[in-house]
Every structure is written in structure tokens, then in C-alpha cells.
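Participant: Generate the whole structure from the sequences, applying the supplied hints.
Now for the letters of each chain:
There are 4 protein chains.
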Amino acid sequence: MSKQEVNKVVLAYSGGLDTSVILKWLEDVYNCEVVTFTADLGQGEEVEPAREKARSYGIKEIYIDDLKEEFVRDFVFPMFRANTIYEGEYLLGTSIARPLISKRLIEIANETGADAISHGATGKGNDQVRFELGAYALKPDVKIIAPWREWDLTSRDSLLAYAEKAGIAVEMKRGKKSPYSMDANLLHISYEGDILEDPWVEPEEDMWRWSVSPEAAPSEPTYIELEYKGGDIIAIDGQAMSPATVLAELNKIGGANGIGRADIVENRYVGMKARGCYETPGGTIMLKAHRAIESITLDREVTHLKDELMPRYASLIYNGYWWSPEREMLQTMINASQITVNGRIRLKLYKGNVIVVGRESASNSLFDENIATFEDDGGAYDQKDAEGFIKLNALRMRIAARKRS
Amino acid sequence: MSKQEVNKVVLAYSGGLDTSVILKWLEDVYNCEVVTFTADLGQGEEVEPAREKARSYGIKEIYIDDLKEEFVRDFVFPMFRANTIYEGEYLLGTSIARPLISKRLIEIANETGADAISHGATGKGNDQVRFELGAYALKPDVKIIAPWREWDLTSRDSLLAYAEKAGIAVEMKRGKKSPYSMDANLLHISYEGDILEDPWVEPEEDMWRWSVSPEAAPSEPTYIELEYKGGDIIAIDGQAMSPATVLAELNKIGGANGIGRADIVENRYVGMKARGCYETPGGTIMLKAHRAIESITLDREVTHLKDELMPRYASLIYNGYWWSPEREMLQTMINASQITVNGRIRLKLYKGNVIVVGRESASNSLFDENIATFEDDGGAYDQKDAEGFIKLNALRMRIAARKRS
Amino acid sequence: MSKQEVNKVVLAYSGGLDTSVILKWLEDVYNCEVVTFTADLGQGEEVEPAREKARSYGIKEIYIDDLKEEFVRDFVFPMFRANTIYEGEYLLGTSIARPLISKRLIEIANETGADAISHGATGKGNDQVRFELGAYALKPDVKIIAPWREWDLTSRDSLLAYAEKAGIAVEMKRGKKSPYSMDANLLHISYEGDILEDPWVEPEEDMWRWSVSPEAAPSEPTYIELEYKGGDIIAIDGQAMSPATVLAELNKIGGANGIGRADIVENRYVGMKARGCYETPGGTIMLKAHRAIESITLDREVTHLKDELMPRYASLIYNGYWWSPEREMLQTMINASQITVNGRIRLKLYKGNVIVVGRESASNSLFDENIATFEDDGGAYDQKDAEGFIKLNALRMRIAARKRS
Amino acid sequence: MSKQEVNKVVLAYSGGLDTSVILKWLEDVYNCEVVTFTADLGQGEEVEPAREKARSYGIKEIYIDDLKEEFVRDFVFPMFRANTIYEGEYLLGTSIARPLISKRLIEIANETGADAISHGATGKGNDQVRFELGAYALKPDVKIIAPWREWDLTSRDSLLAYAEKAGIAVEMKRGKKSPYSMDANLLHISYEGDILEDPWVEPEEDMWRWSVSPEAAPSEPTYIELEYKGGDIIAIDGQAMSPATVLAELNKIGGANGIGRADIVENRYVGMKARGCYETPGGTIMLKAHRAIESITLDREVTHLKDELMPRYASLIYNGYWWSPEREMLQTMINASQITVNGRIRLKLYKGNVIVVGRESASNSLFDENIATFEDDGGAYDQKDAEGFIKLNALRMRIAARKRS
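Sequences listed follow chains A, B, C and D, in order. Residue numbers for the first sequence follow the UniProt record's numbering, beginning at 1 and rising by one. Residue numbers for the second sequence follow the UniProt record's numbering, beginning at 1 and rising by one. Residue numbers for the third sequence follow the UniProt record's numbering, beginning at 1 and rising by one. Residue numbers for the fourth sequence follow the UniProt record's numbering, beginning at 1 and rising by one.
Among the hints, a few may not be true.
Any copy, or any two copies together, can satisfy a pair, since identical chains are not distinguished.
Claimed, not checked - Straight-line C-alpha distance at most 30 Å; calculated DSSO-like pairs for lysine-lysine:
{"#": "1", "residue 1": "K348", "residue 2": "K403"}
{"#": "2", "residue 1": "K384", "residue 2": "K143"}
{"#": "3", "residue 1": "K3", "residue 2": "K143"}
{"#": "4", "residue 1": "K3", "residue 2": "K103"}
{"#": "5", "residue 1": "K403", "residue 2": "K229"}
Worth flagging that the hints you see were computed from the coordinates, not collected in a lab. A quick note: this is a predicted structure, and the numbers were derived from the prediction, not measured.
Facilitator: Here you go:
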């Protein structure tokens, strides 16, 4: 395969060894100018060092963006409006960050006149698909360079050799390097690889970084109250907060209470099953609480329709189709359903458990105590109506049963 | 509404006050013979006393059946093959027992030559619908008497007065009577009414009967291993067990570890929202474990198709359509998917948490470590394939984007 | 059942015998004031005579509305955006008119201070459900009087006797009275009953009123060109037209070419199967043409999502849930998909056939001749991409097949 | 890309120029033995000449199979049980033949010890995907050679030059060669390319080969009667026939009556829109008739569930996933629904129209005239039941409306 002609490329750059090697490799192999883009999505690592490094490699156009608010407001919150969960277990923490990175890569390409983008995702995973589908959808003729699919630096040794040759300092991190492949943002941190590749093996406790274990969590529960407006959390314990602040706060509270660990085998879009461990403290709380606020404010059939479409919506996000017309179409519908999702949820958090202990909606509750009550309802509901309801619902089955007999 | 002509009626009889009043009322009002049917579904109360009571009221045909194995084998297990959960939270413990009761009521009606059945469910709830849809589907011309929709004994006082007049002993249970409306079987126990009618109020700890609270659960985790065959659990910790024994055992272990409480507002089929609390210790374990065994043995698209159809399947059961052709049609498909769902799941149970710590399937694992690995895969997967995969998946979006620009 | 207290009732009044008897019966039995409402929905009969009749019965508040434009613009066109068809055959001509009538009944009730509405639909059909679900959704505490479910005028003779007693002139229509139960509006005319009750019997040619038979249609085809904007037809053969004019014109052209007859057995919401014959000339043309314009302007996955949701959307309309939140939620999504559905469709109409012979969209065509061509595409599409596309799509099946072998 | 090592390859061989060139090219480039496989799927051309040609090129293992019965029995009929139609218009004539060819290619590979298969489908179409997904699913480690994606014979001239060099006689067919790319089997014949690449252009009449135009069809209708068993046609006009005979006969009758032409723009799995014209006379009749027999023998909810899943099932077949576990799972369900689909359908065929004029099922009709009738039903249906049915179905909307007001 002959190399494409590339003039200028925007690289999703973390500042770490791998993307530094990619930076140099792009210059070497494509003989092109490199623009670096580093995003703060709440991964919990400083992004400014990436500026220094990029500068040290001679990069002239360096983008470092704090995208935390945009990430939560325009990606995480809309996704949670659908109670989204992939294959019953995965809260899509990595998946939902990728479309925002694609969007910024393309915006920067347009601003800097770059004709290509590049990223450090491997050819085996979902992330390459998510980055590239997003990029193509937003700028159809962009060139995409995925070094891991192209180069021959497939062993750690060859990568280090290349780094040395290219003058890239290989920092030895203090303490033991994590053996896991990790990804983090404000929604979650993920772990793959190493001993996790055997699905029978339990992860070691020291792998987890964002949460204490349920065993180590406090022996007293924590109660919190979330306020919803239009399906999104706007305040915790009465204190109004921005979207990113809400999520950061819930991560803190959830992680301290041993909440949000998941250990699963999932089906990748590229065709294989893979083991992943995830910590999503705030997201785990949000999923439970959102279902609870919907339980009193959303119509039954709207709820069921959302439930039936959710797995498909989740797959769209998992597979990288955030910027597709079908995701946007579904989102329009999901958003329309959330107008009445206003109110408060009270939660008890205790050693890994998220327990709903109260729901209330002054303006939009569809819970009608007069009708629901086991006590005398004063005629709010006429029990005799049930007979006709049952008989007509049974009619088709009765006709069929008579036929059979 | 004029009363139907009834010769003999089979009554779902618990032996308690309400159904004893119904028994007498049926004789009084319909002037018909009553056959009683009492089922042991694992509700945890003796069923034999019902025989004595029925006899004391002069009943000649008394059916007392131990249905626990049939219940779990033919109803609970098939339902769990679909990872069934209603509205994201409810494990359908009451719903799934009703079709079995309908089936037995009709079988007994056929055996005894009865032309009617009767039950003690109110006109506000789902259970009347479940009993009656099942009965009509199985015996289309059966007459159904639902006293709560017909009589005028709508207050507790009038009911007690009727009981006294009819010579029904009103036993005063020792200790405080539960203020809740409850239902129990081997899968769960449910609570409704009283303070639960305010969805902002947290249930009191002494309401719960089957599980300790997470706080009160042991501070050491319990590890168990479940063996699956065809999607059903056939052994716990290497010990083969019948379906009902499996569920009883999981209830015991789960309840001891604070597992399986749910507190929700659900949408009833008859149209209102209602608050319910549920304890489903074994079912909660089974749901998590079944998803885990499927995660390594089931094809991705089969998994996703099951996920998308599950909410509808759950609604069918919730709404009382177990004996409908559409439920049977879905079941055929679900069952067909389970042939390969064989293997073992290892779980850690700790203070309300069910944590999957191992999955293994000697015969049917689709988890291919060679392909999934982050290490050198020796060519099992060609990363270059991903480029074409992405490009063709992106094509329609690229064409559209070019059009827009 | 004791009668409800009613002060003033709005009656959906056709001016015919049945609703005239209802008018009198309402006054007699409920001792209430009656407001009549007669709608011109394009049924092809004069509505003004209804005013005279109502006046002659002493009615003071008489509403006669021309709703043709609203009907097509706000009901028919939105429904056709989804390519809606019930059970593969029925274009929902009756179903889609009912929610508009409900809406006007309630608006008039609110204007006139009426506390009830009434209609002439029987207790066996879908229309009662459609009228009443709509009315309850729009005015939850409205009282509804459905005389056919209440009164004892169940034979023709008793009805005529009542009419005579009440001074209602029974007009003998010229010529043979139709033996069919019919309903008409600008979208269709329907026939039920009489010989149609045997599904093996072919309808007689003289039953059909709006279309010639294919045999009797011209032996030369008619070509027409439809212009779409936002999924709706805005011009025929280059001539801009209002929605109702579009539909009237297509009915004329279609009917003249033997288009739009359907003869089906359908499943009613109330539980039985029923035979119906329908003439929907314009609608039949619109369905075919709308699919065609979407075929070049709509994304593949959006199309497929719409196709999968259509049967449910059709059932909602058939069952009477137009004014439900779930229909509105689906409509939001459907409408959002139609923004790009702009362009022209050329049709050949010939003896019952609607044949698409051209589609074009200057602004929104996603048909890319350069990519689609069998000729040299100049590199617009790289055939080598297909290999990776296929291999990764096959991966899960290959892993499974290796496992099996 | 370096060539794979191949020892023996099974080639899907038509005997025409293109696959003859492929035959030689495989020997030249891969230096491997070639086994030819030619199938009679009812395409209407002799297959025996392929034997002579293959022999003349020195092929030793030559397979020529009459697969017509297997094709209709195991592929076409099962597909029609679902009323399958892709994007509302396409009856999947090409798509449904591909999995059978894949199956035979793999069976022959296994019999002959071949390690590879090859086909003549291009890299732009769906057929390559269908062939290869099937092959991989059935023999996961088979090597696949798709010459059109590999070679440089991309112009007609280079192909002809190669043929001449290889000693392949280029037969000049008598008369004008068709300018269209065509595919035929017992279910349909398709046309693509040439003037069809402009979706505004109407096909010329002389393109169509299997049907007369509606204009040219007889001016007298033809009536036929189809007998169904288990959802499949087993007799026409009382005469029992094998599956392939049924389809051949319906093609003849349908084609003579101008039935079954379609002219559409469809969405290919590989990402672009493409224009195709199809003649499917028998299939068009079967679709209409199957819906009609289901209309009296299938439960409403089963019908609706089938309708909702059909588009997905159609996409699976269109996209080449016949041999996938999800298609098999859906098929299990579809087949289970067909047990009661027995009876007779009477059709009137006239100038392109397929009109159902009678349906009957002695054993399984769910059409109950007593209940459906507009006449006195003698109490079979109690109209009063409708009130409760409507009220409880309206309850959730009434509660919501009260809340809003």
C-alpha cells in the first residue's frame, strides 16, 4: 500500500511515549507538518506538560483544550437521558469521549488547513473505528493515518528503539508501571490486558484507581439528593452545579463508597470478545437515579419505547456512530421525552450499593396516590372497568382457543 | 350487572381470611359448589392448614399442590434465559407465578367439571389480569368470578362483619400484623401499600423479611460457583441440584449477604403508577450470572437481538400474556439461543453486591485469547482489515457530508 | 349501570338517521342540552344539510367545520412521512380522521361549556376507542356517552320505531341503499358488512364508489410528477397546491386509473378479525412515491430505523393513540428525518399500477453516480476496502465456527 | 499485498467469459488447481455447456448441480414465511440465492480437499459480501480469492486481451448484447448499470425479459387458487406441486399477466445507493398471498411482532448473514409461527395487479363471523366490555392530562 500524500496532520497527542513516537514517525514517514491536540476530558492527568513536549519536538501549532464541560453537557448527559448501557453492563465511558475528540480534530484541521488527522489507537480495538467514523462524517475527504495499522513498530522493543533514535526521552515513571492498558475521562477509567485476558481470573485489588473496594468503603451510608431538570442533574444536595462539576462530585462521592466497578466480557465492533474492567462511580449513580426520576415523571409507553430502543442506541455509541444521522434521529426523540423529567431523587450510597430511597416531582409527577392507593380511593378508579379491559384483551386468545379445541 | 349462572367454581385459596370470605361469598351469592386450590410455590408458609380450613367450611374437593419444581423449571428459568427485567428494575417475581396458578385452576376445573374459577385479586392490580388472561387462553369459555370487582365488602369492617356472620374465624396473628400488602413465592416477596404509597418515603428496615440489610450482612465476602447448562443453573459449587433447590439455595445465600432488595415505582398494565418493594435474592444473583455466562458463550448479534426484545418479553409477562402465542413465539427463539450457554460463573457476594469474578466455558467459549490479546497475536487478526471495515462503514456518511458541504 | 349526570353534550353529528336518533335519545335519556358538530373531512357529502336538521330538532349550538386542510396537513401528511401501513395492507384512512374529530369535539366542549361528548360508533369497532382515547387524552374528565353500548335500540326496527316516535324523518334515499357500512373522508372510503362478512367472497364491482376497476381504467397510462418538500407533496406537475388539494387531485387521478382498492382481513384492537374493503387512490400513490423520494434522499440506517418502527407507529394510529405521548415522541423523530426529503418523483399510473419511473433531488440526493457506477469510477471507491469490511464482519462467525469444529 | 498460498480452489463458474478468465487467472497467478462449480438455480440458461468449457480448459473436477428444489424449499420459502421485503420494495431475489452457492462451494471444497474458493463478484457490490460471509461462517479458515478486488483487468479491453492470450473463445452472442448487468434464478431476474445509473430515466421496455408489460398483458383476468400448509404453498388450483414447480408455475402465470416488475434505488451494505430493476412475478404473487393467508390464521400480536422484526430479517438476508446465528434464531421463531398457516387463497391476476379475492382456512381460521358481524351476534361479544377497555387504556393519559392542566 503506497502512502497517501499528506501536507499537514492533526495528531491526537497525549504527551506520552506512544504518541510522541507517532509524532516523529509522521514527520519521518509522511514528511508532513504535525499539529498536536491534547484534550482535558477529566482524565486526571495534567495536560500542560504535553505543550512542553510538543514544543520540544519542534511543533508549532499546539492545541490544548479543556473540554470537560462540553464533554459532560453535550455527550455524557444526552447519553444518560436514554439510560444507556451496552450489553447490560457497560456504561460506555470510553465510547462517549471519542466523538468529541473526532469533532475537535476536525475543527482544528479546518482551522489549521490540515488535510489529515492521526491517532494512537490500535487496529484491534473499537477506538480507531470511533475516531475515524466521526472524522469521516464531519469531514468526508479528510485523510486518516492510523500508525498502529501501518508501521512495523509492533513490539515494545522496536518502539523504544525508534524513540531513542528520534530523541524521545523515555521517562521511567516512579514506582511500578501499570501492566494494564488504560483509558480515563471524567466518566470513567478502564483497564484491559495483562491478567485480565483470562476471563476466569479476578482482578487484583490494586488495579482499581478511582474507587475504594466495597469492603474498604465507610461503614456508614451517605445520603445525597439530586435535582433533575429536563432529564439532567442540575444540583446536588440543593447546590446548583455545572454538568462537569456534577459528574466530578458524583465520582468523588461514589468512589468513596465503593460504587461503580464493573468487570465484563464485551463484544467489540471489530468482531472479538474482550475483557474490560471499568470504574464509573458517578455514572453508576446517574443511571440508577435517572431511571428513578423517570419512574414518576415519564409515561409508561414512552418508558417502554425508550427501553426497547436503548440497546440499539447504546450499540450506535459503542460502535462509533455518534455523528450518524440515525443517532441524531434517536437523540431527537430521546430529548423530546425528557421535557417532563424534572424533580428530585434521594439516594443512599453504601459499600457499592446505590439505593433509591425517595423520588419526588412537584411539577411533573404522574404518580397519583389517590388512584394507586390500597385504601378507599373515593371513586378515582372504577374496579369494574377491569372486567371489560381483560375480556377484550383476552378476546383474540379465546377465539384461538375455541378453534383449537 | 346480573350474576352469571355458575355450577362449580375452582377458587385460588390461600386459607387466609380474605379467600375464606370469598369461599363463603361464592356459595352464598352464586349458590355454587366450591373447589379449593392451594399451591405451594415456595411462599414460605405451610399450605396444609388450608386443607383443614377448607374442610371445615364443608369443601369436598380440595387441591393442595407442591408446584415449586414446576414453577422454577417451567416458568422462572425460561424467563431468566432472556435476562428479563421490567422497566430496568423489577424481576417479575409475582408476574411469573400467576400463569402457573391459572394453568392449575383450569386443569382442576377440567378435572372436577367446574365451569368457573375465582381468585382474590383486586380490580386495581395486575394480578387479576394475569389470572384471567391465562384462564381465558387455556379455557376460553370458563366463567371468572372476581369478587373484589363485584361485591360491596370494600371496607375492612364490612369484610370482618361478613366473616363473622359466615362463621369464619378471624385469627389474630401473634405480634404486629404487617401493614403491607405482600406476595411471596420462591422467586420473591413483595410489599405494597401503607407508607410506601408516598414515593418519597424510605421503607423501614423491619419491613424486609427475606434478606438482611447490606449493613447487617457479613463483613467477609462469600464466593460461589454456578454451573450452567442450556442457560439454566444445574449446580452450585459443584453440587448438582434441581431447579427449585437451586433457587432456594441462592435465596438463602443471597439473603444472608444483603442481596436483592428493590424499591421502585412501576407502571401497571391497568394504567397507574405504583410503588413496590421487592426482595429477590436468588433472582438478583441469577440475572447477573446469566448475563456473565452469555458474555462468553453467546454471539454478539444474538445477544443484541435478545437485549432489544427483552423489554417487550418482560412486558408480556408483566401484563399477563404468558399463555399468549406471541410469548410462546419469543420463547421459542430465546430457548434456541441457549443451546451454547454452558459453563461456569464464579461470583463474589458481599453486602448487597453481586460481583462476577470468573467465567469459563470449556465447550462453548467464544472468547478467543489469541485474537483478543494486546500481545503479539501471531497473525490471528490482521489489523489492516480494520481500514476497509471503517471506510465502507463510513461511506454513506461521507457521501452525505459531501452533499451537505 | 346508573346514568352519569350530564349537562351539555357535544355530539359528532352527521345529519343521518342514526346520529339524529342519538341526538333525540341524548335529550330524552340524559335530559341534557345537545351541541352538534359536523365536519367536512372530504367525505364527499354536503355538510350544510346537517345544520338544517339540527336546527329542526331545536339545537341551538351547531358547529359545521371544513377541516379538510387541517386533516391533510396535520394528520394525513405526517402519517405518510412514516410510510405507514397497518398489517402490510391498510392505509389507515378511517383511523387517521378520528383524532381530529376528537380534538374538535373537545375544543367545542371547552368553548360551549359542555361536560360530555357523544358519538355514533358501535361497541364492536375501533372507532369508539379512537374517539374516546383522544377525548380522554385531551380533556381527562370529560364524560363520554356511547349510545350503541348503552341503549337497547339494537335492531333496525327498534331504531326506526324510536325515530318515528321522536319525529325524525326517515329519508328514503333514491335508488338502492348500500348494504355496506361505510366511512369516507378525503383519504379513503371504506366498506364493511353484508357479503363481505365471508372472507371467501369477492366484492361485487358495484360496491366500489371512488375508483373504476383496473379493467375499466384507460388503456393509456397517465404520467404525473410530484414535488416533495420536507417529506410532503407541495406540487403536482409543477403546480403548487395546498395539502387537501394535493390529496383531492391524486384521488381523482388515481381513481380514474383504477388505483387504490384494497380488500383485507384486519385485526381490530378490540380483539376480533374483520373484513374491510377500502379505496384509497391518492394515498396509494403517495405511499409509493414517498418511498421513492426517500430512496434517494434518506440515509440507509435512518430508512431502516423508520422501517422497523413503522409497524408500531401504524398500530398506535390504528388503535387510537394519536394523542398519546409515545405517538408524539415517534412523530418528533419521523419529522426530524424528513428535512432532507426534497425532490421530484415521476410516476406512471396505469390500470391499478403505480410505477415509479423517475426520482430526482437537486439539493439532497445521496445517490452518487460516480460511486455507484459499473464503469470506471476514477478511484471514488476502493474495491480493496471490501476485503477488510467482510473479514471483520465475519470474524465473530469464524471464531464460532472454529469452536464448533 | 502478497498473494496467499493456495493449493486448490473451488470456483463459482458460469461458463461465461468473465469466470473463464478468472479460471485461467487463478491457475496463472496462484498456480493452483481449479475445481469448477456451476449451479442450476433456475436462471433459465443451460448449465451443461459449462462442463464442456471447463473440460476444455483442462479442469478435472467439475461440479454441475441442479439446486432448484433445494433453493426454493430451504431458502425462498423460509424467507417468504416472514413476508420479507427489503426497504419496502425489493424481494431479495439475488440475496437469497447467494447463501446456497456459498454452502455448495464449501461442501465441494470439503469433498475435494480444496483450501480456497473464488467467485466473480465485484468489490463494489453486495454479492461478494454474501458469498464470503457465508463461506467464512461455514468454513472459517477457507481462503477466498475475489479476483475483481485483486487483479488489474479493470477495463473490458484488458479482460478481452487476457482472454485472447489465455485461449478463451469470446463468443459473440447473436443479436444485441444486453447492456445491463444481470442476475437470474428461479425467484427473479435483475438489471443494473447502463442507463439505469440515472435514477430519473425510465427503463426501456425491451430490457424486461421475464414479464410482459401490464399494457401487453391479457385483457381478461386470470384467477388462481393457492393452497398453503405450514406457511408454504403446496398446490396451485388443487394440483400438488414441489416447491420449485410452484415457483416456476407462478413465474409463468405472473409474467404472463404483467406482474412483478420493480424499479428501485436501494441501499447497498457496502455503503452506496444503487439503482436496480427486478422481475419477480412468482414472488410478488407469493408475498401478497402469504399475507392474506396469515390474515385469517395468525394471531394479531404474532403478526405485529413478525412485522416489526421483518425489516431486520430482510437486512440480514440482504447483507449476507443467512448463515449467522441471529438469522437462524429469527428463523426458528418465524417457522414456529407458521404451524397454523394453512388454507386457501384465491387470487385475481390482471395487468400487473395481484388482487386477493378469497381466503379460507377450514382448520385454522381465526376469523369468527359470529363475533365480527354487524348483525345481531347473539351475545358472542358484549359491547359493554369496551367501556372498561377504553377507560383503563386511557388512564395513564388522563392522569397526565390532569397533571398538565
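Participant: Indicate which option fits the pair K403, K229 if close means a Cα-Cα distance not exceeding 30 Å: within, between, both or neither.
Facilitator: between (53 Å within a copy, 17 Å between copies)
Participant: How would you classify K384 and K143 at a CA-CA limit of 30 Å: within, between, both, or neither?
Facilitator: Between copies only: 16 Å across, 68 Å inside.
Participant: If the cutoff is 30 Å on CA atoms, where do K348 and K403 land: within, between, both or neither? Let me know, please.
Facilitator: Classified as between: cross-chain Cα gap 29 Å, same-chain 54 Å, threshold 30 Å.
Participant: Since the copies are identical, ignore which copy is meant and state whether K3 and K103 lie within 30 Å (CA to CA) inside a copy, between copies, both or neither.
Facilitator: within (25 Å within a copy, 38 Å between copies)
Participant: Can you give me the call for K3 and K143, within, between, both or neither, at a CA distance of at most 30 Å?
Facilitator: both (11 Å within a copy, 27 Å between copies)
Going down the numbered hints, you'll see the structure goes against none, and every one checks out.
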